[in-house]
Structure formats: structure tokens, C-alpha cells
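Colleague: Quick note, the sequences are listed as chains A and B, same order. Residue 469 is where the first sequence ends in my numbering, and the numbering goes up by one at each step. Residue 430 is where the second sequence ends in my numbering, and the numbering goes up by one at each step.
Mixed in with the good hints there might be a few duds.
Here are some chain B residues pointing at chain A (derived, C-beta under 7 Å) [claimed, not checked]:
{"no.": "1", "residue": "V113"}
{"no.": "2", "residue": "E132"}
{"no.": "3", "residue": "T244"}
Sample of chain B residues at the chain A side, in silico, Cβ under 7 Å [what the hints assert, rightly or not]:
{"no.": "4", "residue": "Y135"}
{"no.": "5", "residue": "S246"}
{"no.": "6", "residue": "N300"}
{"no.": "7", "residue": "G303"}
Just so you know, these hints were derived from the structure itself, not from any lab. All of these numbers come straight from a predicted model, not from anything done at the bench. Glycine included, C-beta positions come from ideal geometry on N, C-alpha and C.
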Amino acid sequence: MKFSSNHSLSALALLGLALGGCQPTLDDTRPAANAGPLDFTSYVAVGNSLTSGYSDGGLYNEAQATSYPAILAQQFAKTGKGPSAFVQPSFSTARKDGSGYVKLVNSFVNGVAVAAPVQPSAANSFLGEQVAYTGTNPAFPTELEAYTGSQPDNLGVPGISVLSADRTASSTGNATVDALTRGAAAAYGTLNNFYQRLLPAADRGTKDYVTYIGQKNPTFFSCWMGNNDVLTYATAGGVASASNPFSGLTDTTSFGKGYRNIVAAISKGGSVKGVCANIPNVTTIPYFNTVTVAAVLASYKAAIPTIANIYVTARTSATTTATAARAATATDLLTLTAQAYIAANPGVGTSPAAPIPSQYVLDPIEQTEVANRTTQLNAIIAKTARQNKLALADMNTFFTGIAQQGVVTNAVNNTATFATGNLFSLDGVHPTPRGYALVANEFIRVINSYYGAGIPSVAPNDYRGVLFP
Amino acid sequence: MVIKKLLLTGGALLLGASAASASGFQVNLNGQKNNGMGGVGVALSLDQAAMFYNPGALAMVRSNGVQVGVNAALARNAFIPESGGGQSQLDNKLVTPVNFYAAFGPKEGKWKVGIGAYTPFGSELHYASNWEGRYALTDINLRSIFAQVTASYAITPQLSVGAGLVMLAYGDVDLQKDVPLSAQSGAPTPHVTLNGKAQKTFGYNAGILFKPSDKLSVGVSYRSQVDAKIKSGDVRLRDVIAATGSNFTATNFAATLPLPATATVGVAIMPNEKLTISADANLVFWSAYRTLDFTFSGNNGYGPNAGLVGGSTTSSAKRFYQDALCFRLGGQYQVTSGLTVRAGGFYDMAAVKDGYITPETPDADRIGLTAGFTYEFASRFGIDGSFLFEDFLKRSQSQADLLNNGTTDRVAGTYKTTIAVPGVGLYVKF
Chain A
1 MKFSSNHSLS ALALLGLALG GCQPTLDDTR PAANAGPLDF TSYVAVGNSL TSGYSDGGLY
61 NEAQATSYPA ILAQQFAKTG KGPSAFVQPS FSTARKDGSG YVKLVNSFVN GVAVAAPVQP
121 SAANSFLGEQ VAYTGTNPAF PTELEAYTGS QPDNLGVPGI SVLSADRTAS STGNATVDAL
181 TRGAAAAYGT LNNFYQRLLP AADRGTKDYV TYIGQKNPTF FSCWMGNNDV LTYATAGGVA
241 SASNPFSGLT DTTSFGKGYR NIVAAISKGG SVKGVCANIP NVTTIPYFNT VTVAAVLASY
301 KAAIPTIANI YVTARTSATT TATAARAATA TDLLTLTAQA YIAANPGVGT SPAAPIPSQY
361 VLDPIEQTEV ANRTTQLNAI IAKTARQNKL ALADMNTFFT GIAQQGVVTN AVNNTATFAT
421 GNLFSLDGVH PTPRGYALVA NEFIRVINSY YGAGIPSVAP NDYRGVLFP
Chain B
1 MVIKKLLLTG GALLLGASAA SASGFQVNLN GQKNNGMGGV GVALSLDQAA MFYNPGALAM
61 VRSNGVQVGV NAALARNAFI PESGGGQSQL DNKLVTPVNF YAAFGPKEGK WKVGIGAYTP
121 FGSELHYASN WEGRYALTDI NLRSIFAQVT ASYAITPQLS VGAGLVMLAY GDVDLQKDVP
181 LSAQSGAPTP HVTLNGKAQK TFGYNAGILF KPSDKLSVGV SYRSQVDAKI KSGDVRLRDV
241 IAATGSNFTA TNFAATLPLP ATATVGVAIM PNEKLTISAD ANLVFWSAYR TLDFTFSGNN
301 GYGPNAGLVG GSTTSSAKRF YQDALCFRLG GQYQVTSGLT VRAGGFYDMA AVKDGYITPE
361 TPDADRIGLT AGFTYEFASR FGIDGSFLFE DFLKRSQSQA DLLNNGTTDR VAGTYKTTIA
421 VPGVGLYVKF
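Chain B with its partners taken away, still in its complex shape (with noise of 0.2 Å):
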């Protein structure tokens, strides 16, 4: 007998992220000396990271100077699954978010202009092999690095505005599933892979400081939205099965991840030259992020009916994202002119809703405490070092939510996360 159509079923291939450091797969771990203030920057003018967190606050950073930062973030993973089979945790893997900016302006003078490079979003993580959620995800790696131009300008010695123009100079993501097919000969589990790099898309940043005397300052941004558009992706199979092949001849993917806006609030105070406490508010406008979409395209020659993953040329896998807030504090002391002490802390809301847990991104409400320092030698080189130890509050979704949100693409049981992200940074500034 012929078997003329082997539909062969088994999820929606995913794409997504997370050993994030912020809700969904935002990382921000973007200037060292703000890292160990629980984040804070909008309200503040420490360096030239300003441009990332408030554009219109470089103008304000009193020299000019080059800094560059790295971060290692260690994610640590556990699922239990809601039925069968014990405690998974991930195959653990040191990611290292990188930022760089350069910024020069006119001494003493009302404008400054910048560059800088850094990574807002991305995710690496690799399950055990056979766990559960194996064919809904098995391992991913989501890359992005952003370039940006900046130029700010004070108004007034008490107000500036600046924006800048952010480019997703560099996108690549790696997503990895099991295929629920056995074969007859004992070969291993079938296996998808979708890789490719996003084109490079346009953005921007811009915000207002407003100084209104020596001890107080306020801020607000705005980041845009930039789509992560990958046009043609590479569909790369391993141990397809002869008779299941002509449902797996696509050789392409197209897909585009929303990489959402943000908008942010914040106010500093200054009660004497040594202490600064700030406070900032997010709202990452997550809900942009509705559904993944894959189509699949070319073909292999596995069978006659081109672009087929499963034996379909598409698939679609909710997300349903919600907004998200993030709630930040952070301050900091000169200790001695060349040592100053960072602390903060930040409580940051999931962009996952209940029962649309994805492995690609066990997101969850969470809670990050930071510490920091930096030694400044010869008033024109630092070293900045941070640490930040953040705790995801544990989340369940059971096969009951799955089936009642049609969410069944993904697993039932218990996620919990940690990261720990020690970060140093070199300056020098002229």
C-alpha cells in the first residue's frame, strides 16, 4: 500500500530567544557602569553609553572617550516536566554580550557626537539532549548587534535632546528541534535545523534630559522597533528517514522576529557631589509579537513537492506576547576620587504570558540585584566591573493551559531560571 501522504505532524518550528537578561529576549547589559546600577541610564549622564540609554544625555557627559565593555552570562536552567521523566536542565554555555562606544564633542561645547555598537537582544541556550520539550526545541542561538550614530545637543546648560539612527548591523539565529519520527534502522531522532542571518533594518533612539539644578535630573527615550527580517535561511536536515522524505525537501526559510520599542522614564538625584540614586521605568512594547511565522522554501530533491518542513510550507506558532514593565533602582558612590561603589537592583515584569511558555524563551517575572565598581587612574583611565545576579520566579504551564490557549506546541512542567553576568569594562577618556 501506498502511503501517499505522510503528514507528518509534530509542532511548529520556533523561533524566539532567551538567557536573556531582561523579559522576552531583550539583554540589557549595555554600558558597564550602568549594569551595576540595577540598569538605571535615562536620567544619566556617567559615559558615553548615555547614547544607548538617552541619547539626549550625552551632550551632558562632561568628556569626551572611547569605552569598551564585555559580559559573561551564565544562565542556569531546570525544567520538570508535568508528566513522566525528572529534572532537565540545559547544557550550559557562556554567552558574552559586548559593547563598544565613541563619543567627542567640542570641550565645554553644546553638542557631541557618537558611535556605538552593543547587543539588546539575544539568547543561547542548549537543552539536554532528550528532554522532553525535544520536539519543540532542542537548542537556540539568537545573535544581534546593533550599530548606532548618535549626535546630542544642550539647548541650554539645563536641557538637552539628542536621537540617534540604530542600524541591526548583524542578526543570526540557530534553532534546533527534534523531529517525532522513528525509523526502522535505529538512526537517530530526525533533526531540523533553520540558520540564517537577518538583513540589515534601520532604527532609532532619541531623548530629552532635563537638568533643573545640580541635584535633580529627569529623563526620557524612546527606542524604536527594528524587525529582525531573515529572507532566506538555510533548512538544514539530519537523519531524515528515506520514507519520510518527501516531507522534508525544503532547503530555505523566510521569517521575521519583532524587535520591540522601548520607552523609558527616569529621574536622578544628587543630594551631595558624591551620591547619585536614580530610578528609571520601562515599557517594552513586547505585544508587537503575535505569532512566528516560517515558510519554507526550494527543494532538496527528497521528494517532488518543493519547500517542505513536516510536509508543510509553512507553520505558525502563537506568541501573544504582552507589553512589558521594568522597574529599576540603582545608585552610586565616590568612595575616593579614583574609586566609586554601584549597587541597584531592577524587578522586571514577563513578556510571556501564562501558557505561552516556549523552551526558546522560559521567560518569567523577575528579580536582579547588581553590584559595581570603577578605578579611575590618572582622571583618564577606568575599569569598570559589574556583576549582576538575576532570579526568574519559577513558572508552571500545564497540558490543560496549553490545549485551552492551542498552545500545544510546546511543553507542560515547571520552569526556573538564574543568570549570573559578571561584566568588566576599559575607558579612557580625553
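So that you can see chain A by itself, here it is in the shape it has in the complex (with noise of 0.2 Å):
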């Protein structure tokens, strides 16, 4: 006897169409998208890597298709005082995976898929990625297929500090190493292969960033500098290059002077709106939470059952860069990039004598370091909001919430755990285009309640997280 059936009872349903057919329809209340006082005809992005888009350690038309200031021009311009156009600098169809990019790779373990990030080289011909490398000038490698097109709307070059973006930053009071740095930063373009492709050859010893921005008119305008002025020390394992000027922790002296020019050259003097973003916790990110002391320590106790600790190269005190071997506790945050060093590197860290190097180990005192360093800057970030009357997104706040508890999207829980967290790419520092829509989603939470806007945010889910193969 079968008592429910999806079978049509064409009669029934007749009559319950007709009779009930009406399909209920929700006034949608949530209130209508309205720009308040701003105008976004003209929106422009200044930034680096996180404004450009980069994800996965590289810069590709599909990761610059999601970048926040790309999803931000796509709500301004439901409130219909958006931009028409935002244009991106992508790079040509066929070579639309730019620098290329990191991905996930199968290997087989016992019949069971395991996936590892494998970085693109020539060595293992891009992964199959259509680079944008030239190839062309042995002098400069790296270099990328030019931008050909109109000034882009999105300004973000990965890898840019505030210190690199203004050739009238450096002020360290030391005469040699400002003359050096500042030299750098005005030919930015020939030393940065993401700037230099945006630059018209003849400009690409002389025009620093400052220079470049300001030959906008924006509307309204984002401004999210300055996050490697700690970042590359950080990633850097608190190592700065001797022959990059731009590799140690900004003073604030330069900071602020090279930040303050910056929003002056976007802002033009103050007198358009717009929202400053500040430096996010750099301790928080997977690139120093996926490679544990302990993690190192297991694995080699599989062969070496007697090994008690592993050694790292660490500061010895606050005052000195001097460094010295000793045994690695749990407050040492090794580099994502330290696995593949141990593995090209079998024993190392094992004894005193073969400590893991600095530039892989972000020792407790670079950490302060680095936190001390990170809120000075953004004293500086939210004071030069404060004095533009701008908005400032506290990054830094949002992302610690994150790396504290993730983020929970319509029954998605994201969080700051490596690849599977879904937030951050395979870089361990970017977002994944689900973590720039949270990104943007955030600026939109910030904009709307500083310039009493309506602004509606994405659904984050509509953009991927991490690519699984």
C-alpha cells in the first residue's frame, strides 16, 4: 500500500493551481542602495599586492577580476553614482595568468590523493600557465608584458611600501641611505616588474608612485599603503636585505611623511572623499601559522626518535641584530616557505651546529618588533585619516577577529587555517577571492556608516575559496 506519492494527480493539481498558484512574493526591505553624499563616477584604488588583486602568490587577470576595489566598483555602481568602467590593468588574453600563480598539485600516498602548492617556474614550464614574462631583456627577467591601455582605476602594485612610493619619504636623518632610498623609490619603475609594466618606458627611472597617482582625478578614492613597510621584514623572517633599501621596517619619521603625500596626491589636498584602510596583525596569517616548531619536531622524530628539539637562528637581544643558534620553542613562528627549505635540506635544524636560518624563523623579539612597528604606523594611518576627514577601515581589528574566530558566511565557516581556511590563497599573505570579498565587504560596512551611505555588501559565497584539485 503506498500512501505518498509524488506521482501528479493531474486533477488535484488542477484545482491547486488554480486555486493556490500564486507564488508568494517578499517585498525586499532591505533598504534600497543610495551613495549619500559620495559620487563614485570616478572611483580609483591606490594600494599594493592586496589592492591589485594578488592571490596565490601571483597577479593574474582571474585573481584581478576579484580584487576588493573591483567588487567595491560593482556595488558603487548599484547605488547608480557608480563607475561605468573600472579598469583594471589586466594583462592580454594569452598571457592572462600574468606572473602565474601558485596551485595545489595531487600526489598519490597510498592509492590517497594529497595535495601540495607547487610555485611556477620554467623549470616545470608555468604549471601550464600562460605567463606574461617578456623574456626579452636579460637584464630584468622578472619583466612582465607592458600595460598598453588608459591609466587603470585599480593603482595597486604588489609588493609597494609607502618608503618605495614616494622618492621624498626616506628621512632616517642618515644623508647616505636617504639619498639611496629615495633614489630607489623615483626608479621604482625599473626596480618593481608589476609597477614597470604600468609605466611608459621614458617614465620608468623617474616617476615615483606619489607621482603617478596624482595624475588621477577620482571621485572618491581607497587608500590600503603600507603594509609592507613590516610585511617584507616579517616575511623576510626579520632579515632586511643589505641591497634593498626597502626591505627593513619603516621608520615613522619616513612613514608619515611618504603617507601623508600619498593621500595628498590622491585626495588632491584633502578635498575628495574616500577611505584609508590600515596594516593589518602580520603574525596572524597562515605564511606563520602552517609550519609549527612542533610540526618540524615530528616530523623528524620519525627518524631521528631521540631528537629532543630542533634549532633556530634567532636575535640574542632587542638591541642587536646579532643572531645566534639555540633550541626553537613554541613562540618562534617559522615561514610557510621554511617547509620547502627543510626539504631541499634534509637535518637541518636538527643540532645546534645546523640551525634553521633567520630569514626563515620570525623570532618572539622580531615579532615585537614588527607589532610595535605595525601600530606606530597605524597611529599615523588613522591621525592623516583623521585630518582629511576620511574613513579608516581598521583592518588590522577585522583581521584579527578573523584569525581569532573566521567568519562565518551562509553556513560557510571560513577561518585563517592554511588552504583549507578557504580566506587565504596558497601564498599564505593574500586573500582568496572570498576573503577580498569579505575585504570589500568590510570597507562597504566602514564607508556606509562614515559618509551615511547604503551601500549593499556581497554574498561572499558567490566567490571561490581556495582551488582543490
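Join the two chains into one complex using the hints; note that each chain is given alone, in its own frame.
Modeller: Right, here's the structure in full:
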């Protein structure tokens, strides 16, 4: 006996359709999109890799399309006062994968697929990606296909810092250092392949970023600068390179000068409305929390059951850059790159004679340095925003919240865990498209609250997390 | 680098139901005459369906008879997410709850026995693909068929009692959702289906009908809770991404869903022989439904560790339902010797608390309006027609509500549902 069925009981169904077939419609009671006092006709985004859409260790068209400025422009447009077009410096179709990007690749252990990130390189044919390296400039082997369109609205340049953006910023008091740093900032178009491709060849040796962004006439802008003034140092394990003037922690005087110049250039002296964002706490990103001391020790235990410690090269005191080998503790943060280094150098870290090198270790002294400098630079960002009457997106607090408890979006739990957390891409530093969507929503929240606008947020689940093979 | 532990999160798998015509995932469509009268019945002895509404009333039903009824529930549901996207709807499907009753006893005798089958719980919802809540739920189909044997005895012409042994004769559930993982290959989003049959379990119902005069009757009834236990349902996986396979090894699941007890009191007045007016109040003990817990087991060979769905061998989702009241009012009028017409309505309160709404039970306070008729010929055969229209009050929950309640395994937004249920029944009495 069958008591319930889906067979169409046609007469009943027809009766039902006739009598009750009307679909309920909900009045969309969400506030209508409105720009408030803002005009998004020309929205311009100033920033570094985070602004460019950089993800999975590279800049490529797909990632660029989901950069937070692109998402913001799309949402701004819903107010009716938005940009009709938002120009991004994309790569040509045949070279759509730009600088190439890290991918997860499966290997099979006992028939079970295990994914590992693989860096594209000439040796592995760039994983089949359609990269944009020209290969024609021996003096600059990382040269990328030049961008030839009109000046983009997304001015994000991967790698750029406040110090390297302004040829007048460096003010350490050491004339030699300042001259070198300022010169490098002026010629930044010959040092950074992502900046180089944006500039006409004639400008590459002379036009600094502040001048470049000053060419735009925005009606609204976002500015998220300063990350690399601490991040470059931190991701290098707290080791500054002697040959790179932008590899240390930027001092507050230089930063203040540079940051104010950047904001003045893009806001036309404070007359254009916009939003600034501050620097997240870099030590909470997966780059520093995926390879742990305990995990390295455990992996060595399999081969050397008696091993009690692993050894790292760490700073000996906060007042000197001198380092020495010592037993690692749980408070030492190893970089994501340490894993590949250890794999390539078996036995490294097993004895004080062969410690893990300093550039793979952010020890507690360096962590404190980075955290303190981040706080100082964020104070400058906040003050500059306040003085120019600009909204301030507190990305430091936002990312700290994500690191602590993740973000749940329509039943999907996103966390700061490497790869599986879905918010950070495979470089451990930059967000995935979904992470960028959350960043865009935070910008929208801040802009709405500061300017009394009603820009609708996006559904983060419409943007992908990490792609698994 | 080896990703040793892919802890794929994304909310627990959900079980539950709706398109139900009463609070939670109840379906109160168990007698065609009652359906036309706002669902009243505990103080009435209209026909053999009394064994569901009040087994105590069965002995007061004048004739023996066999009857069958079928309903066509057409749910319409709309959802607007809190952020992003527009309105999404259900892929509408017809659900057809059925009821069957047969009872006999000696003419003018004091007792009566009967058998019945009906569907007091059930739900089928299919959300549009790519809707915002797809990682919580895409489809649900919950079905239950109860069978009952009943005995009823009239102690005096004014007082009768009755009881039934109730069996969950058939129950099955099919739950589906997408897994929030993306494939490099661009393959479709992974999808999990939980499909299982409930074990046969027993409960009871009992009731008393008191009829002090020809013009008044009162009734009380109680229906016990029955737990739908799925011991070994199937876990079916589609489009699992190779690198994440070791987190999706389960082949089976176990879960228990409480189908709660109901207590009802009611009164009916018969001012004359042709007119009956009745009012009922139901209390459904939904608070028995606290959490929905799944345990996964088995190994499909995708990885070394058995019993994983999304990297976990169990899942638990908060329900915390509340007891729900429903007030019903209905009447019938005999127009001619052959034709009786009916009308009624009810106000049914939600079992799901604010901030706990799940896509599988977009429950809300609801208002129902009903109408019905019976046409009888030769004093022996009859046809019952009924129609119910139910309007759920619009219900919203925000992301902040979900965070406060720890119920982020569901979606923030606004739900609105309406249901139309035409039904028809046939009976013969002797």
C-alpha cells in the first residue's frame, strides 16, 4: 500500500494551481542602495598587492577580476552613482596568467590523493599557465608584458611600500641612506616588475608612485598602503637585505611623510572623499602559522626518535641584530617557505651546528618589533585619515577577528587556516577571492557608516575559496 | 608541502522538514472532513478519522465505514538573503499526503475497532540551485506513514474512551546540500546526500469524549512521541574533489528525529441537528527536539580514516524547538440531506524560535483558512472535498542573531511561505 506519492494527481493539481498557485513575493525591505553624499563616477584604488588582487603568489587576470576594488566598484555602481567602468591593468588574453600563481598539485600516497602547493617556474613549464614574462630583457628577467591601456583605476602595485612610493619620504637622518632610498623610490619603475609594466618606458626611471597616482582625478578613492613597510621584513624572517633599501621596517618619520604625500596626491589635498585602511597584524596570517616548530620536530622524530629540540637562528637581544643558534620554542614562528627549505636541506634544524636560518624564523624579539611598528604606523594612518576627514577601515581589528574566530558566511565557515580555511590563498599572505569579498564588505560597512551611504554588500559565497585538485 | 589535515568545515548536515501544514514539520491533513473545518476533531465524531483525532470518539461514530482521502499540498516559498543576491524560490513540487481509515462494530453496540494509516509528519522542499543557503540545504524529503489499530468503548451513551497502538510503519529522509569546496578543474560543487529509512517504532494515542447532551460535546486526546531512528542510512557523495577525498570517506550515517507528542482539548456545540461548531486547542511538545545529531561510519576508500563527512565523524546542529500551541475553529452545516458544507480556520504558532530558522523548516506563525463539503448519496457513499490555504507570517533572522545563538550553520534572511492544499476523500458506510 502506498500512502504517499509524487505522481501527479492531475485533477487535484490543477485545482491547486488554480486556487493557490500564486507565488508569494517578498517585498525587499532591505534599504535601497544609495550613495549618500558620495560620487563614485571615478573611483580609484591606491595600494599594494592586496589592492591589485594578487593571490596565490601571483597577479593574474582571474584574481584581478575579484580584487576588492573591483568588487567595490561593482557594488558602488548599484547606487546609480557608480563608475560605468572600472579599469584594471589586465594582462592580454594569451598571457592571462600574468606572473603565474601557485597551484595545489596531487600526489598519491597509498592511493590517497595528497595535495601540495607548487610554485610555477620555467623548470615546470609554469604549470601550464599562460604567463606574461617577456623573456626579452636580460637585465630584468622578471619583466612582464607592458600594460598599454589608459591609466587604470586600480592602481594597486604588488610589493610597493610607503617608503618606495614616495621619492621624498626617506628621512632617517642618515644622508647616505636617505639618498639611496629616495633614488630607488624615484626609479621604482625599474625595480618592481609590476610597477614597470604600468609605466611608459620613458617614465620608469623617474616617475615615483606618488606622482603616478597624482595623475588621476578621482571622485572617490580608497587607499590601503603601508603593509609592505612591515610585511617585507616580517616575511623575510626579520632579515633586511643590504642591497634592498625597502626590506627593513620603515621608520615612523619616513612613513609619516610618505603616507601624507600619498593621501595628499590622491585626495587632491584633502578635497576628494575616500577611505583609508590600516595594516593588519602580520603575525596572524597563515604564512607564519602553518609550519610550526612542533610539526617540524614531529616530522624529524620519525627518523630520529631521540630528538628533543629543533634549532633555529634567532636574535639574541632586542638592541642588536646579532643572532645565534638556540633551541626553538612554540613562540618562534616559522615561515611557510621554511617547509620547502627543510625538505631541500634534510637535517637542517636538528642540531645547534645546523640551525634553521634566520630568514625562515620570526622569533619573539622580531615579532615584538613588527607588532610595535605596526601599531606606530597605524597611528599615523589613523591621524592622517582624521585630518583629511576620510573614513578609516580598521583592517587590523578585522583580520585579528578572522584569525581568532573565522567568519561564517551563509553556513560556510571560513578561517585563517592555510588552504582549507578558504580565506587565504596558497601564498599564505593574500586573500582568496572569498577573502577579498569579505574585505570589500568591511570597506562597504565602514564607508556606509562614515558617510551615511547605503552601498549593498556582496554575498561572499559567490566568490571562491582555494581551488583543490 | 603536504596538507596533512584538511579540516573542511562548513556547517553540520541538517535534518528536519517542512512544506508542512502545521508547526515544525507536522502535517495536519488526516481527515478530509476535518480538513474543511480548520482541523478540529477532538470533540467530534464525524467519521472514521476520529481514530486519529480522538480514539475515544470512535465508539460514538454511528456507522461502520471505510474511507480514503488524498491531499495535494502545493507549497510556495520565497527567500531574500540578508546580504547580496535577490529573491530565491523553491522548485515547487506537489506533495500528496494520504489517509485511510476503516472501522466497524456491532450496530447499536458499545464498542468499535478500527485500523488507519496517515501521514502526521512530512516535508518536501527543493531549493533553487545556487541559492544562498545551498551549503546548509538544497533539498529535503521527509516522509512518514503511521499505521494505527484502535479500540473505542462507550461506557455510557454520554462517555466513551478509546486508545490506539500507533506504529511508524514507514519513514524515510533524503537530505542534500552542497559542500563549500571548489575544484581546480571547474567540476561542479561537491554534493552530499543523506538518505535513510527509519526503523519501525511504536507509540500510542488515547482520548475521551464526553457528550452530556445532544447539543454539547467535549473531548481530550493525547498522542505520544515517536522517535524516527535511522540506524544505517546511506551517505552519497557526488563530485568529491580528489585532494579532499580523505575527508569524505563515510558511507553510512545514523540519526534520530523526534516526532513529538500532541495534547488536544476541544469543545463542540450542536445548536440544532444541522449545525455543528467546534473549537480545538493543540499543544505540540516540540521542545523534545533539542539537537540534530549525525554519526557517520564506513569507508568508501577515499582515505585512510573511516566515517568522515567534511573531516568529521559526527555533526550536531542546534534546534531547540519550543512547544507550540495551535487554536482551531470550524463548523459544518447540512444544507440538504445529501450536502454538507464546512468552513474553518486556525492560528498555529511556530515551533522554531527566532534566530533558529533552518532552510529545511522555514517555520513561522501561520494562519489557515479552510472550506469543504460532503456530498452523500444513497445514505451510503460519499465524497468529501476540502481546501486549505495557509499563510505563514514573514520571518527574518539576521547574521547577528545567528552569531548570538551559535546557529551560523544556517542562512540569514527573510522567509515567506504559503501553502494551498486541495483534498478529496471517498467513503462508504454500512
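Colleague: Run every hint past the structure and note whether it holds.
Modeller: Consistency of the hints with the structure:
1. For V113(B), the suggested interface contact is broken, since its CB lies about 19 Å from the closest CB of chain A, more than 7 Å.
2. The interface hint given for E132(B) is met, as the beta carbon of that residue sits about 5 Å from the closest beta carbon of chain A, less than 7 Å.
3. Annotation: T244(B) was flagged as interfacial toward chain A, and the flag holds, the nearest CB pair being 5 Å apart, inside 7 Å.
4. With a least beta-carbon distance of about 4 Å to chain A, the hint placing Y135(B) at the interface is held under the 7 Å criterion.
5. Nearest Cβ of chain A to the Cβ of S246(B): about 5 Å, under the 7 Å cut. The hint holds.
6. Hint status for N300(B) relative to chain A: violated, with the closest Cβ pair at about 12 Å, above 7 Å.
7. A least Cβ separation of about 5 Å between G303(B) and chain A falls short of the 7 Å threshold, and the interface hint therefore holds.
The earlier numbered hints that this structure contradicts are 1 and 6.
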